[in-house]
Amino acid sequence: MSGIVCAIRGGPTSKPTIAKAIELAKETNLVLHFLYIVNLDFLTYTESSRVRLIKEEMHEMGDFIVLAAQEKAENEGVEAQGAVRDGTVSEGIIEFSQEIEADYVVLGSPRAEHDENVFTRERFESFVATVEEESGARVVLSEIETS
Amino acid sequence: MKPIIRKSLLSLLVIIISFSIFVLTTHVEAQDTVLQAYLVGMIEDRQNEPIVGAEVILQDADNGEDLAATETESDGRFALPIPPQIPEAVSVHIERSHFENFATPLEVSSIEQLEQGESLTLPTVTLERKITPAFWVAAVVFLAVLVLIATGLFHNTLATLIGVTLVFGFSYLGTLVSDGLFIFDFERSLQYVDWNVIFLIMGMMIVIAVVEDTGIFQWLAFIAYRLSQGRAYVLLPILMLFTGVASAFLDNVTTMLLMTPITVQIALAMGINPLALLIPEVMASNVIGVSTLVGTPTNILIGSFAEISFNDFLINLTPGVLIAFVGLVLYTAFIYRQDLREADEPSEMLMERLAERGKIEDTENLMKAGVVFAGMIVLFVLGEQFHLLPAVTALMGATALLVWIRPDIEAMIEAVDWTTLVFFLALFITVGAIQEVGLISIIADLVGRLVGESIVLAMVGVTVFSAVLSTVIANIPFTAAMLPVVAFLSRTVPGAESKMLFYCLSVGAAMGGNGSLIGASANMVTAGIADSAGYPITYGYFLKKGFPALLITVALAMIWLLIRFL
Numbered sequence: 001m002s003g004i005v006c007a008i009r010g011g012p013t014s015k016p017t018i019a020k021a022i023e024l025a026k027e028t029n030l031v032l033h034f035l036y037i038v039n040l041d042f043l044t045y046t047e048s049s050r051v052r053l054i055k056e057e058m059h060e061m062g063d064f065i066v067l068a069a070q071e072k073a074e075n076e077g078v079e080a081q082g083a084v085r086d087g088t089v090s091e092g093i094i095e096f097s098q099e100i101e102a103d104y105v106v107l108g109s110p111r112a113e114h115d116e117n118v119f120t121r122e123r124f125e126s127f128v129a130t131v132e133e134e135s136g137a138r139v140v141l142s143e144i145e146t147s
Numbered sequence: 001m002k003p004i005i006r007k008s009l010l011s012l013l014v015i016i017i018s019f020s021i022f023v024l025t026t027h028v029e030a031q032d033t034v035l036q037a038y039l040v041g042m043i044e045d046r047q048n049e050p051i052v053g054a055e056v057i058l059q060d061a062d063n064g065e066d067l068a069a070t071e072t073e074s075d076g077r078f079a080l081p082i083p084p085q086i087p088e089a090v091s092v093h094i095e096r097s098h099f100e101n102f103a104t105p106l107e108v109s110s111i112e113q114l115e116q117g118e119s120l121t122l123p124t125v126t127l128e129r130k131i132t133p134a135f136w137v138a139a140v141v142f143l144a145v146l147v148l149i150a151t152g153l154f155h156n157t158l159a160t161l162i163g164v165t166l167v168f169g170f171s172y173l174g175t176l177v178s179d180g181l182f183i184f185d186f187e188r189s190l191q192y193v194d195w196n197v198i199f200l201i202m203g204m205m206i207v208i209a210v211v212e213d214t215g216i217f218q219w220l221a222f223i224a225y226r227l228s229q230g231r232a233y234v235l236l237p238i239l240m241l242f243t244g245v246a247s248a249f250l251d252n253v254t255t256m257l258l259m260t261p262i263t264v265q266i267a268l269a270m271g272i273n274p275l276a277l278l279i280p281e282v283m284a285s286n287v288i289g290v291s292t293l294v295g296t297p298t299n300i301l302i303g304s305f306a307e308i309s310f311n312d313f314l315i316n317l318t319p320g321v322l323i324a325f326v327g328l329v330l331y332t333a334f335i336y337r338q339d340l341r342e343a344d345e346p347s348e349m350l351m352e353r354l355a356e357r358g359k360i361e362d363t364e365n366l367m368k369a370g371v372v373f374a375g376m377i378v379l380f381v382l383g384e385q386f387h388l389l390p391a392v393t394a395l396m397g398a399t400a401l402l403v404w405i406r407p408d409i410e411a412m413i414e415a416v417d418w419t420t421l422v423f424f425l426a427l428f429i430t431v432g433a434i435q436e437v438g439l440i441s442i443i444a445d446l447v448g449r450l451v452g453e454s455i456v457l458a459m460v461g462v463t464v465f466s467a468v469l470s471t472v473i474a475n476i477p478f479t480a481a482m483l484p485v486v487a488f489l490s491r492t493v494p495g496a497e498s499k500m501l502f503y504c505l506s507v508g509a510a511m512g513g514n515g516s517l518i519g520a521s522a523n524m525v526t527a528g529i530a531d532s533a534g535y536p537i538t539y540g541y542f543l544k545k546g547f548p549a550l551l552i553t554v555a556l557a558m559i560w561l562l563i564r565f566l
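Residue numbers (the numbering used here), protein chains in the order written: chain A, 1 to 147; chain B, 1 to 566.
Because the hints were derived from the structure by calculation, they are not lab data.
Glycine included, every Cβ here is placed at the ideal spot set by N, Cα and C.
Certain hints may be false.
[To be verified] In silico DSBU-like pairs for lysine-lysine, Cα to Cα no more than 35 Å straight-line:
hint	chain 1	residue 1	chain 2	residue 2
1	A	15	B	359
2	A	72	A	26
3	B	499	B	130
4	A	20	B	544
5	B	545	B	359
6	B	499	A	55
7	B	545	A	72
8	A	20	B	545
9	A	72	B	359
10	A	55	B	359
11	B	499	B	544
[Stated by the list, open to error] Estimated spans, in silico, between C-beta atoms of each pair:
hint	chain 1	residue 1	chain 2	residue 2	range
12	B	173	A	132	27 to 33 Å
13	B	540	A	132	35 to 41 Å
14	A	98	B	410	32 to 38 Å
The following block holds chain B by itself, in its conformation from the complex (with noise of 0.2 Å):
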């Protein structure tokens, strides 16, 4: 047989049982359609989530033979397909961990329509959370990772990852002593990890790791101080808004491990203490970084969770973080005031070595870092007329980066701080048990009968009292507990529904961090270096200067969000 007549045979062949797949299928189909009836409906808690995975049987009244089942999906609807025959008497059980279990009998009007093949709609279940013990070790370990972060006894991925071991411990080795332990599985806990997030953090990571090579920051502080001409007063608020400007693009942690050194060198050679600088820098860092998406770890929970884009941000925050930070500078003008009168005039030797040091090391890959991450902001900022997710910016622009530059790839994946990313997986599991158990639903339900229906006592509750407690506890696991309460608010109180409460949770959180020496992590990485240079940080001193930084800036904010939205 020649090969054209094998290959249009077979092609026919092909095609035959191609079209009698279709047609058995589309048969099958249509007789489904014309025979099954559904029962459909929606379940939910007393915050009106949905709920996912509730199983809802279909029994037999009589003797509680099961007759059908099926599980709610992630919007918390089913549809439970009815079998061809059904008893006189019918009722429908709904059982989900962590909730009281729900039966309601069908009425025989609601049955008879059922065997007629018509589908029938409940009418919106609401299940009644269930204290488990399962509740008490989710609370326990939450708590205990808090605390473990809080005192530094462990890394704080470690901490995240013992508290993990203990959920998925219990609820998988302690089921065998008791079932109430259960708190979930593997697979449910994936489903409260937020991808979006983790790809974010990665993307910027590199990004990252590219520019802070080139020189730049060493740049803008030498450049700072030659704006100043050598006047301290000039010099504090220049270095304040050039490392609060990078802290709303890259991370601040970054900026200050960058920032840092090269400001003890430029106090050094001004004869002022370093920390009347440092001191400013990282409290603008904190408070600047709210400005953006991807200014702080929290912006990018909170913008992901909430669906907050980079525009948002911008626009909703920016002008009450320009208020703080004139506050901000007004205030640190006054209590360094003593120290900034010290300056001397500058040594020429070491002002010789600080401007060498304040050469751009690689213009090359500046200038490609600078296109591709303007190219970066620009998607940032457009991106969600075509539903560009922030995450894919990042791994974008990290990407066009590694093409274009051609880095050291395994350098660059070191630069990747897999520690955090690691922190931030086990962190959204961990509050995903407190969720998964009820205690969020608890805090949120408390929360909402102290606010009642007060807007404005929901907003300037939800700023201090996310401020106070980001001052003692890490911030970034109480921004991750605390979304789906300020989602409850945002529901549940009038005149909220336009996320101003997520600004809210946004602007304390963050600027909560000024408040105290471990309220962010890049106040700690500069009094590190700061005690190395002999010019230590205690955790009274930045008390002292810290927490009426925070109630100044939080304040300002405060003002602004409220004229903004109200």
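Okay, chain A solo, but in the shape it has when bound (with noise of 0.2 Å):
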């Protein structure tokens, strides 16, 4: 198996994403897999007994951003998959490219805002680094959200 791994995370700082990887796919005419992570870190500070079923939620939330992800690249005649997996973003990315032994992975840009889910900007570079070394993909990047 072989193809482009999206990670997204909806809202409109993926739309560039997105577009880079529809971009991508037509360029090398390999299959597109649009990948969303639950992240539970935000259920901390307050709810800890709700975990199994905020996790069911998330999953069908994250469901319907990948498909509607799908949609788009589908109606540029791009074929495209969808995959949502539990955990942190970085591990998960790196998971899932190893899985499908991914040939390019599409990234957004950081994030200004403090976000511990998210990657700073220090640390995003050294993750493009392990990407590239542990899954053998090669990282691609959007352009920069300046709004």
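Join the two chains, each given in its own frame, into one complex according to the hints.
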């Protein structure tokens, strides 16, 4: 198996990433895999007994976000598949890339605000190197969102 | 000997022994009744609250020898048994930690009365508060707990447990250094725990755990979409109403945990910014939840403390809540008008997916849960007629559901948020500590002086103060601490006897949650899920949208309360 992994969170910041992945899929003729990672760190300080329930709901939401991206890709004539995984974003991307033996991993740009769930700029650079090293895939970055 | 004769003799023996004991005890009681005189009275603080556990001692005025001693009961009353022989000069001493000692000599005529075996009633004694090192310890610990919760450095439960540990640490180990560090002992601390609140929350958690698995929330959200026929302006109030009504009977956090993901999906399918639906939804959840006893944790606290029933909340708050809700709908429709206009023709594929999600997953269980829940509402409403506590109703409902549906009991026990229950237990003790040392009394005194005798000022003051503070500190500990203050104002401000100030506290504490992201747990959960979908809700964003909503909803509800009670 081979293809392109496009890790998305949904929302406006994922649009350039999705566009870049579709463009790359058109160029390479590879299967595009949209990946959504369910991360429940936000529950740490609020609810502790709802993990099973909220995980199910977040999976459903992730499926939906991935489905929306698939629809966009298919509208542009690109074959796309979707996957939803649990855990931290960085580990999820590496594991999935290894699983499908990805040729490319398309990532969005690091966000400016502090958020432990996503990458800071410094961690992002080291993460890109780690993905390339551990999965053998080439990392492609989408345009930096300036808005 | 035949068994029947043996049994008869044994029965006779039991009867004789029982009769002998009865005669003997009656004789002793009769003797006591004839000879025993009591010194009776009541001890209270400056807020006219009974002082529990105060030691009342009868002393020989000449040599200071203790002649008799007793303690005040939960109503502040005492009955000191007077010994048969008493000296010519005696005095009554009253001692209680965190209060100044009190002593008064007994008049000769009073002593003669007691000597003749007649009981004597003392005038009510008011003890003055004493500021001890323990006062500062308890105050600092409580503030530290609030800061730990507000900053998110520790989980709420851990923050309050740290508070409890410090309180007991100083009470038990600190006294090795100085007696002034004593706050209260373990036994006394448990008197501050409101078990009605604990069991009501636990019962409701089990009920919610059964209901949430039926798919009712997803179905409601999809029905809202279908009713709106894809028109975002119509969808907004329907979703807000559904979320709000669900929050009035279930807890806000669970409601938003289940409504947020499906709302995000509906918004994405319609091509609109999910925040245009999510922010109004969570605000509606915070506003409409106020209308019932079980709608918010703060109402559960207030209802149990002030003995406000399910009906009382419905009757006195629902009209105000509805007025505030209409204001909220208009406000949110206005601030999100641009986003709502951007709705596209929904994607067929995505809508098919939504329709699949919007189905009831377990019709049979939903029907059973509906029947039990309806029964619980009836008992909540009628229960006060036969003194049925809401906690008992919740436990009965939870048990009925478990017996009827027979869900996986392990899963049900897991669904009970034990950390929240421990949080409440620890919170009651932490707040109890500041009550014990007199901090709450001082605050009550101060607020009482500020308010004076103006009921309008008291109502507006309590509402606005609690609303504003709830935006920056956790509203549950705040409400728990405010209860005795509001109780004091209810006794001292003329015209405030009908518990109206508790309704003001309810409105302020719950609607105040809309003022900031950290104002309510439901806000945090919504923000977490929205962020996971790529739509972050920052503190600044929520403040900008939420604070005007707070002002509008609190002002409208306040107007209703003034009309209702003045």
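Hint by hint, here is what the structure shows:
The suggested pairing of residue 15 of chain A with residue 359 of chain B holds, with an alpha-carbon distance near 30 Å, which does not exceed 35 Å. Straight-line distance between C-alpha atoms of residue 72 of chain A and residue 26 of chain A comes to about 13 Å, which keeps the hinted pair within the 35 Å bound. For the hint linking residue 499 of chain B to residue 130 of chain B, the alpha-carbon distance of about 30 Å falls within 35 Å, and the restraint holds. The suggested pairing of residue 20 of chain A with residue 544 of chain B holds, with an alpha-carbon distance near 34 Å, which does not exceed 35 Å.
In summary, the hint linking residue 545 of chain B to residue 359 of chain B is supported, as the alpha carbons are separated by about 33 Å, within the 35 Å threshold. A distance of roughly 42 Å separates the Cα atoms of residue 499 of chain B and residue 55 of chain A; the hinted pair therefore is violated under the 35 Å criterion. Our distance criterion of 35 Å between C-alpha atoms is met by residue 545 of chain B and residue 72 of chain A, whose separation comes to about 32 Å. Taken as a hint, the residue 20 of chain A and residue 545 of chain B pair is honoured in the structure, with Cα atoms around 34 Å apart against an allowance of 35 Å.
With a C-alpha separation of about 26 Å, the suggested pairing of residue 72 of chain A with residue 359 of chain B holds against the 35 Å cut-off. At roughly 19 Å between alpha-carbon atoms, residue 55 of chain A and residue 359 of chain B fall within 35 Å of each other, so this suggested pair holds. For the suggested pair residue 499 of chain B and residue 544 of chain B, the alpha carbons sit about 33 Å apart, so the restraint of at most 35 Å is met. A C-beta distance of roughly 57 Å is found between residue 173 of chain B and residue 132 of chain A, which places it outside the suggested range of 27 to 33 Å.
Our hint of 35 to 41 Å for residue 540 of chain B and residue 132 of chain A holds, since their Cβ atoms are close to 36 Å apart. Between residue 98 of chain A and residue 410 of chain B the Cβ separation comes to about 35 Å, which falls inside the hinted range of 32 to 38 Å.
When each numbered hint is compared with the structure, violations occur for hints 6 and 12.
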